[in-house]
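Engineer: Chain by chain, the residues:
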Amino acid sequence: MFKLKRKSLCLTLSILFLVFTALVGCSSKTESGTDKSGTSNGGSNNINIVMTDRGIQAVEASPDIKNDKYVKKLGELTNTKLDIELLSWAEYEQNLTLMFAGGEYPDLMEVNGVNSPQVAPAIDAGVFIPLNDLIEEHAPNLKKFITQEQWDSPNVSKDGQIYAIPSTNYAQNWAVVMVRKDWMDKLNLEIPKTIEDYSNMLRHFRDDDPNGNGKRDEIPWSARENFRYGEAIFGAYDVIPNDWKYIDGELIPNFIRPEMKEALAVYKELYEEKLLDNEFLVQQGKDFDAKIKGKGNVGMFIHDPSYPDKWQTEIQSNTPSAELEVIPAPVGPDGKGGHTIASPVGSMVWAIPTTNEDPVAAIKFLDKFYNEDVQTFLTYGIEGDTYTIDGEKINYKYPTDQKSIQNETLYQNFLRFIGPSHLENEEFLSNRPHGDLIKQAIEVSKNEGRENDGLGMSNPKTLLERPELQKDGLWVEFAAKVITGKESLDNFDNFVADWKKRGGDQVINEATEWHKSAKK
Amino acid sequence: MTNIQERRTKPIITSKEIPLEHPNVKMKAISKKKNYFIKHWPLYSMILPGVLYFLIFKYVPLAGSVIAFQDYNLFKGIFESEFVGFKHFENLFTYPEFSQIFNNTLLISFYQLLFGFPAPIILALLLNEVRKMVFKKTVQTLLYLPHFLSWVIVGGLVINILSPSTGVINEIIRSLGGKEIFFMQEPDYFRSIVVGSGIWKSVGWNTIIYMAALAGINPQLYEAAEVDGAGKFRQAWSITIPLLLPTIMVLLLLQIGHILDLGFEQIYMLLNPLVTETGEVFDTYIYRVGLVGGQFSYTTAIGLFKSVIGLILVVGANKLSKKMTGNSIY
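Protein sequence lines correspond, in order, to chains A and B. Using my numbering, count along the first sequence one by one with no gaps and you end on 567. Using my numbering, count along the second sequence one by one with no gaps and you end on 347.
To be clear, the hints were calculated from the coordinates, so they are not data collected in a lab. Incorrect hints may have been included.
To be verified - Here's a subset of chain B near chain A, in silico, CB distances under 8 Å, partners left out:
#1 Leu91
#2 Pro113
#3 Leu291
#4 Gly311
To be verified - A short list of chain B residues far from chain A (calculated; beta carbon distances all over 12 Å):
#5 Gly173
#6 Gln237
#7 Tyr315
Glycine residues also receive a C-beta, built at the ideal position from the N, C-alpha and C atoms.
Using the sequences and the hints given, assemble the complete structure.
Structural biologist: Put into structure tokens, the structure is as follows:
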């Protein structure tokens, strides 16, 4: 009996020990976690920041972003210990929701606008600090450089209170048309203007073997699923699917307007003639990139105007003869065209949660982004590493290989929380290889584009409850079927009627309400 | 305290010794139970981690289902969000595509059950007949491999293989003089692609449990059958399958409980606007509405609905199986 007892005692003790160590193991883990962040990098103020990786490859690939040399340098320049936690850009909205559900916030947080469906309820619940007084007292640079128009944007303000510091959206027109200049030269083509001209150019791309391999393997125009980077024709008819128009006292989504029917007819034709990549409806970003850069058999595509030079360099690495040109988007019946004109405020803005015990430090940190040394760093990188100083002049080592191009995005894009873009720096652009291409792109993008009357509106309540009413729901299904010939375009009016019946009327009412209150 | 003293001084009292009408009967019965627990407390304490696990991670979160009846607001929490009754269930049942999603889910699940469930059994039977051990092990290892790839990779592979411009399948069709088929854009192909790729990925892994069951069959049975002149097919039919049946039934019943859970990743990877009519299932719908649109209450209601259907099916199938084969999971 005694023996048995002792045995069982041993057993229980060992179990208790196991449970205990498991518990201790858990708690010590969290302790060491906070310890580590406390001593991450130099500087006096400690700020922990939650931000997205913005889909930048160099950031995603970084094994330890906190100790990245550029992050450390920024900490040094702003006299701050930066403790960065990343949210994946691809799943940003879910991650943000999870963060709010968890209820633990950093000192400074990058959010997708204070009017986004995720953040708006957080503002109402008082998760973030109103910043008006802090800016007034502690942030001379922010006051000086950020325009009233930017402060007024619904992305950062609500009811006259500022809840976030805006980032500057330099290229307000987020997409331009790029074509293969070498192909156009070879086939003696002129720069197209109308949709007709464009179709002709694409037809030549398809038939005349511009890449000279004897095979008809050219893809005249490629785009991505849900019409991403494929909206030029919609732009020509002024019906960018995600945008809104104020007509006869109602704010209406573009995708149900009659002009949409005409635009879809053009897409259908382009698709049937194989002028538009027949795989675009299911094409992911990586496949899109692989065709343009890897195979180099795409004649025309649409992308961000801020880095056509990078596209060119990357295309040239496989197709050395390739050259790009940025051309104006096709114009429609009204002689205008282009993509949607976005807000002067970048979609990502910076908010300070109320749990921050020292919000002044966070606001001062952001204020320092307008300091000259920080600006130099964000454009040119680290002295002795990516640039040298020759008297007054900065000699920047413009990156040429894949790796340094990637690295450049770390300081030029990722760490530029707020402030002017490096593309506004004339000197930087003029010395840059293919800098003229960027200038061209910016020039083109400034001269075209379509106004969105729903700019700054967060999705109406009904659209959130019935996401199938959004552009990526019923409409994209209908459009895809029309283009692939599975459904007749004549059904467009039925589609609109059905959309309205399923709650679309309610959506229009809510949007119109918003328009009345926002534009009074 | 008294209990311990009692135990030390007296032998354990069994119920037979206590007259039933004794006023202390209740107390005594409890103390007897207590005694039992106290005597074996080290053993009982060993259940504790398991019980705690289920309580904390499985039962407590069940209470969260209450948000299906609320207009849940992330910042107000469960206790302050407003109750709205069955509003979200009404929304679900009046959703115009509800029957479509329900059908798709059931059909894909049914096909998976019909084709995907027997596949590992057949494969295990085939492997079991292989005599060359080296060959058998190599094949097994190769068959397990796809299990370890995530759906993101397998989905990408499937899309590439079926691609009209670069895919192998269309290359073959072209070389035979056919016209390329846009597999991923045709609603008619979608379910077959889902079921087929699902089988490819998991069939090897799922044979493990059957292989184990097969290894447990007494070889003397086969020897006896051989002596009686039974061929390979006769042996498989009359010995292997009957002896595998309990394993098969249990796995089948467990599978039926998950009939409305299709595994979100796979279908999400393959889905596109052209095939939603045959491909949208509850899991992808929940993702679109819930996580992206932030409709937590609504999606909880859908989840609850799914669970109830699953429960009914598993209880029904279990009863049926108990009657028909005598096997059941509880």
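Engineer: So, for every hint listed, does it hold in this structure?
Structural biologist: Each hint tested on the structure:
The criterion of a C-beta within 8 Å of any C-beta in chain A is met by leucine 91 of chain B, whose closest approach is roughly 5 Å, and the hint holds. Satisfaction of the interface hint for proline 113 of chain B is found here, the shortest Cβ-Cβ separation to chain A being roughly 6 Å, below the 8 Å cut-off. Given the 8 Å rule on beta carbons, the hint for leucine 291 of chain B holds: about 5 Å separates it from the nearest Cβ of chain A. Because the smallest distance between the Cβ of glycine 311 of chain B and any Cβ of chain A comes to about 5 Å, under 8 Å, the interface hint for this residue holds.
Look at glycine 173 of chain B: its CB is around 8 Å from the nearest CB on chain A, not clear of 12 Å, so calling it non-interface is violated. For glutamine 237 of chain B, the condition that its CB be more than 12 Å from all CB atoms of chain A holds, with the nearest at approximately 40 Å. For tyrosine 315 of chain B, the condition that its CB be more than 12 Å from all CB atoms of chain A is violated, with the nearest at approximately 7 Å.
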